[in-house]
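Enquirer: So the chains spell out like this:
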Amino acid sequence: MSITLAEVANFVGCEVIGDGSTKLTGVAGIKEAREGELTFVSNPGYEKYVADTSASAVVVSRSYAAGSHNCSTSLLVADDPYDAFARAMVLFAPEGDVVSEGVHPSAVVAQSATLGERVRIGANVVVMNDVTIGDGAAIHAGSFLGTSAVLGQDVTIYPNVTIRNRCVLGDRVVVHSGTVIGSDGFGFALSARSHTKVPQIGNVVIEDDVEIGTNVCVDRATLGSTRICRGSKIDNLVQVAHNVVIGEGSIVVAQAGISGSTRIGKGVILAGQAGIVGHIEIGDGAMVAAQAGVTKSVPSGERVSGYPARKHSAAKRLYAFVEHLPKLVEKVRGLESRISQLESVSERGGAAGTAGGGRTEDGRECPDEEI
Amino acid sequence: MSITLAEVANFVGCEVIGDGSTKLTGVAGIKEAREGELTFVSNPGYEKYVADTSASAVVVSRSYAAGSHNCSTSLLVADDPYDAFARAMVLFAPEGDVVSEGVHPSAVVAQSATLGERVRIGANVVVMNDVTIGDGAAIHAGSFLGTSAVLGQDVTIYPNVTIRNRCVLGDRVVVHSGTVIGSDGFGFALSARSHTKVPQIGNVVIEDDVEIGTNVCVDRATLGSTRICRGSKIDNLVQVAHNVVIGEGSIVVAQAGISGSTRIGKGVILAGQAGIVGHIEIGDGAMVAAQAGVTKSVPSGERVSGYPARKHSAAKRLYAFVEHLPKLVEKVRGLESRISQLESVSERGGAAGTAGGGRTEDGRECPDEEI
Amino acid sequence: MSITLAEVANFVGCEVIGDGSTKLTGVAGIKEAREGELTFVSNPGYEKYVADTSASAVVVSRSYAAGSHNCSTSLLVADDPYDAFARAMVLFAPEGDVVSEGVHPSAVVAQSATLGERVRIGANVVVMNDVTIGDGAAIHAGSFLGTSAVLGQDVTIYPNVTIRNRCVLGDRVVVHSGTVIGSDGFGFALSARSHTKVPQIGNVVIEDDVEIGTNVCVDRATLGSTRICRGSKIDNLVQVAHNVVIGEGSIVVAQAGISGSTRIGKGVILAGQAGIVGHIEIGDGAMVAAQAGVTKSVPSGERVSGYPARKHSAAKRLYAFVEHLPKLVEKVRGLESRISQLESVSERGGAAGTAGGGRTEDGRECPDEEI
Numbered sequence: 001m002s003i004t005l006a007e008v009a010n011f012v013g014c015e016v017i018g019d020g021s022t023k024l025t026g027v028a029g030i031k032e033a034r035e036g037e038l039t040f041v042s043n044p045g046y047e048k049y050v051a052d053t054s055a056s057a058v059v060v061s062r063s064y065a066a067g068s069h070n071c072s073t074s075l076l077v078a079d080d081p082y083d084a085f086a087r088a089m090v091l092f093a094p095e096g097d098v099v100s101e102g103v104h105p106s107a108v109v110a111q112s113a114t115l116g117e118r119v120r121i122g123a124n125v126v127v128m129n130d131v132t133i134g135d136g137a138a139i140h141a142g143s144f145l146g147t148s149a150v151l152g153q154d155v156t157i158y159p160n161v162t163i164r165n166r167c168v169l170g171d172r173v174v175v176h177s178g179t180v181i182g183s184d185g186f187g188f189a190l191s192a193r194s195h196t197k198v199p200q201i202g203n204v205v206i207e208d209d210v211e212i213g214t215n216v217c218v219d220r221a222t223l224g225s226t227r228i229c230r231g232s233k234i235d236n237l238v239q240v241a242h243n244v245v246i247g248e249g250s251i252v253v254a255q256a257g258i259s260g261s262t263r264i265g266k267g268v269i270l271a272g273q274a275g276i277v278g279h280i281e282i283g284d285g286a287m288v289a290a291q292a293g294v295t296k297s298v299p300s301g302e303r304v305s306g307y308p309a310r311k312h313s314a315a316k317r318l319y320a321f322v323e324h325l326p327k328l329v330e331k332v333r334g335l336e337s338r339i340s341q342l343e344s345v346s347e348r349g350g351a352a353g354t355a356g357g358g359r360t361e362d363g364r365e366c367p368d369e370e371i
Numbered sequence: 001m002s003i004t005l006a007e008v009a010n011f012v013g014c015e016v017i018g019d020g021s022t023k024l025t026g027v028a029g030i031k032e033a034r035e036g037e038l039t040f041v042s043n044p045g046y047e048k049y050v051a052d053t054s055a056s057a058v059v060v061s062r063s064y065a066a067g068s069h070n071c072s073t074s075l076l077v078a079d080d081p082y083d084a085f086a087r088a089m090v091l092f093a094p095e096g097d098v099v100s101e102g103v104h105p106s107a108v109v110a111q112s113a114t115l116g117e118r119v120r121i122g123a124n125v126v127v128m129n130d131v132t133i134g135d136g137a138a139i140h141a142g143s144f145l146g147t148s149a150v151l152g153q154d155v156t157i158y159p160n161v162t163i164r165n166r167c168v169l170g171d172r173v174v175v176h177s178g179t180v181i182g183s184d185g186f187g188f189a190l191s192a193r194s195h196t197k198v199p200q201i202g203n204v205v206i207e208d209d210v211e212i213g214t215n216v217c218v219d220r221a222t223l224g225s226t227r228i229c230r231g232s233k234i235d236n237l238v239q240v241a242h243n244v245v246i247g248e249g250s251i252v253v254a255q256a257g258i259s260g261s262t263r264i265g266k267g268v269i270l271a272g273q274a275g276i277v278g279h280i281e282i283g284d285g286a287m288v289a290a291q292a293g294v295t296k297s298v299p300s301g302e303r304v305s306g307y308p309a310r311k312h313s314a315a316k317r318l319y320a321f322v323e324h325l326p327k328l329v330e331k332v333r334g335l336e337s338r339i340s341q342l343e344s345v346s347e348r349g350g351a352a353g354t355a356g357g358g359r360t361e362d363g364r365e366c367p368d369e370e371i
Numbered sequence: 001m002s003i004t005l006a007e008v009a010n011f012v013g014c015e016v017i018g019d020g021s022t023k024l025t026g027v028a029g030i031k032e033a034r035e036g037e038l039t040f041v042s043n044p045g046y047e048k049y050v051a052d053t054s055a056s057a058v059v060v061s062r063s064y065a066a067g068s069h070n071c072s073t074s075l076l077v078a079d080d081p082y083d084a085f086a087r088a089m090v091l092f093a094p095e096g097d098v099v100s101e102g103v104h105p106s107a108v109v110a111q112s113a114t115l116g117e118r119v120r121i122g123a124n125v126v127v128m129n130d131v132t133i134g135d136g137a138a139i140h141a142g143s144f145l146g147t148s149a150v151l152g153q154d155v156t157i158y159p160n161v162t163i164r165n166r167c168v169l170g171d172r173v174v175v176h177s178g179t180v181i182g183s184d185g186f187g188f189a190l191s192a193r194s195h196t197k198v199p200q201i202g203n204v205v206i207e208d209d210v211e212i213g214t215n216v217c218v219d220r221a222t223l224g225s226t227r228i229c230r231g232s233k234i235d236n237l238v239q240v241a242h243n244v245v246i247g248e249g250s251i252v253v254a255q256a257g258i259s260g261s262t263r264i265g266k267g268v269i270l271a272g273q274a275g276i277v278g279h280i281e282i283g284d285g286a287m288v289a290a291q292a293g294v295t296k297s298v299p300s301g302e303r304v305s306g307y308p309a310r311k312h313s314a315a316k317r318l319y320a321f322v323e324h325l326p327k328l329v330e331k332v333r334g335l336e337s338r339i340s341q342l343e344s345v346s347e348r349g350g351a352a353g354t355a356g357g358g359r360t361e362d363g364r365e366c367p368d369e370e371i
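Protein chains in written order, with the working numbering: chain A, 1 to 371; chain B, 1 to 371; chain C, 1 to 371.
Worth flagging that the hints you see were computed from the coordinates, not collected in a lab. If a hint is listed, it holds; no wrong ones were tucked in.
The following label-pair restraints were derived from C-beta to C-beta distances: (1) B:Thr114 with A:Lys296: 48 to 56 angstroms; (2) C:Ser340 with B:Val322: 25 to 33 angstroms; (3) B:Val322 with C:Gly36: 54 to 62 angstroms; (4) B:Ser297 with A:Ser300: 39 to 47 angstroms.
Note that CB positions come from ideal geometry on N, CA and C, so glycine has one too.
Build out the structure end to end from the sequences listed, making use of the hints.
Expert: Right under this line is the structure:
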């Protein structure tokens with residue numbers, strides 16, 4: 001497969017400097033790229049590699065393009081080179097796992113299910129009663145759609161996903177393999193005798209343009225809905241407990257966990273392995289550092305880290321104090337010996353007037369000659 | 001669907017104050033509930049909402065009911081309002097994912113498998129040789145039951161679960177989607193040249209009334225059994241390594257991990273993301289805080305937190321000391337300048353006899369006038 | 001099933017002391033073993049149990065065998081008793097989940113797939129276009145092999161595994177249930193408006209003799225390959241992000257996470273729940289302690305712990321300082337009162353010659369002129 005630089009420029013909406021008829025066959029990083037490949041520089045620190053790259057074209061920033069360079073390679077000029085490159089990559093992506101249009105003969109689809117146009121249902125998929133699937137959705141092999149689940153248009157469900165009953169997915173939602181949406185929340189009335197199950201009769205709502213990684217768990221609400229709002233992106237192995245709400249455009253990195261009923265604001269970033277207790281709020285635009293343990297609500301825009309999590313600047317300051325502990329101990333020892341010195345001087349001074357006797361520094365009485 | 005308040009009261013064993021013929025169609029929280037719905041108050045802080053709720057009935061405590069209230073809503077009086085409400089919820093639960101009685105034609109069930117009465121086997125389920133399934137068990141779509149696995153009565157295996165060979169599940173065990181029971185423990189004889197696999201030839205035993213969340217891993221024992229005892233509840237994404245034993249009625253919250261051969265007592269609570277090293281014991285009734293890293297055995301009834309985990313009260317105290325470090329440093333600085341002051345006084349006193357000169361506190365020699 | 005001690009000795013390459021015709025029917029630990037069973041002692045602390053074991057044979061070290069013991073049990077003498085025992089266990093392992101040779105009639109295998117000799121494909125397996133499967137490979141029930149995936153010889157894919165398109169697995173690779181290999185890396189160009197997906201068009205390469213646990217995620221590279229090198233062993237619930245490279249013979253314990261583009265060296269050990277940031281290097285032979293949060297590169301051979309992770313010896317030392325904080329505070333208080341004492345002496349002393357005046361210990365001015 002090959003495509004011209006001019007076609008790429010047209011597709012991503014960039015200007016060409018150089019030969020628009022250059023043929024491109026693939027994409028690669030600036031250091032790895034070979035002839036026929038498209039690459040990019042976004043970080044100014046990498047611009048030095050442009051001169052020597054074997055790539056046939058490079059996506060660069062306007063400021064780089066405005067400079068004068070001894071550069072024989074064709075350039076694509078973009079406001080955001082990485083974004084333009086990312087969009088161009090689509091043109092070179094090898095074919096992935098494709099589900100053919102229609103229902104694979106091995107799939108088990110309930111008669112009461114409603115399938116939109118151009119729906120693709122893979123091998124061994126199970127679609128239960130009263131499921132609704134929007135136009136253009138693709139359900140890959142081995143996935144399960146529970147009773148009365150609703151999937152929007154152009155949804156992609158990768159292989160071996162489980163969507164339980166009554167869960168609702170918006171348009172263009174993507175769910176990766178092994179993920180389970182709508183399992184029971186972890187609700188038990190604990191007692192010494194036995195723990196009584198609290199029925200989890202709510203559901204999960206995933207809004208438009210959300211993408212969810214692999215082996216993620218999003219539990220259904222006890223009552224009402226667990227909700228992931230429009231445009232949020234969830235990485236692998238994340239735990240989203242019952243009744244959690246994640247606001248629009250938030251990012252939850254791998255292995256983070258959010259406990260029940262906590263509300264995550266818009267544009268929040270939870271870094272990897274962070275843990276958030278239940279029933280709190282993480283304000284819009286807040287950032288939670290990797291491995292942080294958040295035990296109380298976080299105001300909008302705040303950045304927190306550590307366990308228990310606190311404002312990142314305060315956590316760093318405190319951490320610096322801890323790091324200097326050995327020095328502090330040494331200093332205190334120095335002060336102690338200076339005090340002892342002063343005490344011995346003071347005692348000697350006093351001895352002149354008080355005729356003998358005294359106390360050692362730790363208060364034991366002692367004869368004169370010991371001082 | 002609608003049901004009368006008197007019927008609910010009869011089902012959960014509570015007393016009605018008000019109109020037993022009130023028709024109820026659903027359940028909701030005290031603030032969200034609308035006409036026709038049942039709600040509850042358990043936390044006294046929420047009792048103020050009872051007067052204004054739109055709910056048609058509220059489950060309340062005996063003490064609340066004993067007070068005098070301007071409350072037009074019908075009441076259900078319970079010893080434990082949340083528990084009663086939780087049990088009542090079952091009456092209003094919408095139909096979930098149901099597996100029809102019998103074996104779905106797409107399921108692959110070995111001839112040597114033994115199926116109890118009223119067993120339900122969903123689409124694309126695979127049942128290997130010599131499996132035994134108890135009366136009333138439901139195996140949802142896409143699940144796998146390995147060779148010689150034994151499942152008790154009324155077990156529920158949700159979609160896409162994997163139960164490996166020779167594992168044993170008691171009565172009423174519930175396993176949620178994506179969970180794997182009986183995979184090989186992580187056993188290798190490490191060496192610089194190559195790591196030799198230690199065969200994992202034990203199994204997993206899950207006793208009666210255990211519930212296990214989604215995407216959990218319970219590894220088979222090297223020899224003998226990994227065991228989760230009666231009535232324990234395991235949340236999502238938990239790791240239970242080979243030869244671990246979890247005592248009766250324990251709770252393991254999401255993303256916690258228990259290393260090999262560790263024994264968890266009865267009624268223990270491991271909070272989210274806690275990690276427990278191998279070959280130790282967590283005593284009955286102990287509590288391990290979220291994200292704690294437990295490196296040695298914990299006595300019965302003790303509550304531990306932090307990394308490395310220690311008694312929670314001690315951890316909190318130590319943490320308070322750390323928090324006050326900036327103040328301590330300031331104090332030490334204050335002491336240092338007072339000592340310098342004293343030293344300068346002392347030197348001047350000494351100067352009378354020694355004729356001048358001296359050292360500053362950091363030991364540099366300096367002329368008299370600087371002192 | 002029964003086998004003689006001589007046969008076991010021959011299989012594992014050990015010497016027999018005692019009766020080679022002893023019949024063995026199983027294996028167990030030294031304390032649990034009964035007549036007819038083989039056991040072992042590796043830890044010298046357990047050698048005392050040999051005299052009283054009911055086992056019919058014990059694998060022991062050369063040094064133990066060289067001593068004189070009142071021991072009626074037959075012995076197998078090995079350089080590494082645990083390793084020899086582990087290899088012997090294979091002889092006694094009950095039959096596991098076996099896939100019959102050939103393709104199960106319920107499996108869906110693309111015509112363009114290439115299957116080696118003696119391949120075993122279980123029930124409901126889905127094999128997409130252009131997949132290549134090496135001789136002797138076993139694909140258990142419900143697993144998915146994506147378009148153009150390549151599996152080496154004698155690979156074992158346990159039930160309900162997902163291998164996505166174009167991923168490559170070497171010979172003898174083992175993948176346990178629920179694991180997903182080759183899902184999209186978590187790549188988005190973040191912006192306030194919306195997050196743009198960066199296509200993930202690379203793949204995953206798993207080299208020979210790697211074993212991967214359950215519910216693991218190994219994401220495909222953005223460009224190029226995420227790679228797990230020869231002989232590495234990955235435990236359950238581990239996250240391996242896009243473009244990560246794990247060197248030969250490394251060990252990654254349960255619930256650890258490795259962020260994008262990080263390079264793990266050879267023979268590295270990442271303990272449970274450890275987290276590694278992206279774009280760093282962990283040198284050959286390094287060890288990362290459980291729950292450590294590694295924020296910068298780690299030199300070869302170094303052992304790190306804590307958050308942020310530092311050299312383990314330094315982390316321990318620092319931790320000891322923290323633990324002694326209460327004592328330090330007490331000491332500072334003691335110094336303070338000694339200083340106050342000295343100040344009061346000094347004031348009195350000064351008064352003799354200078355006629356009074358001074359500051360109280362906290363610096364407030366006091367009547368007479370300052371000293």
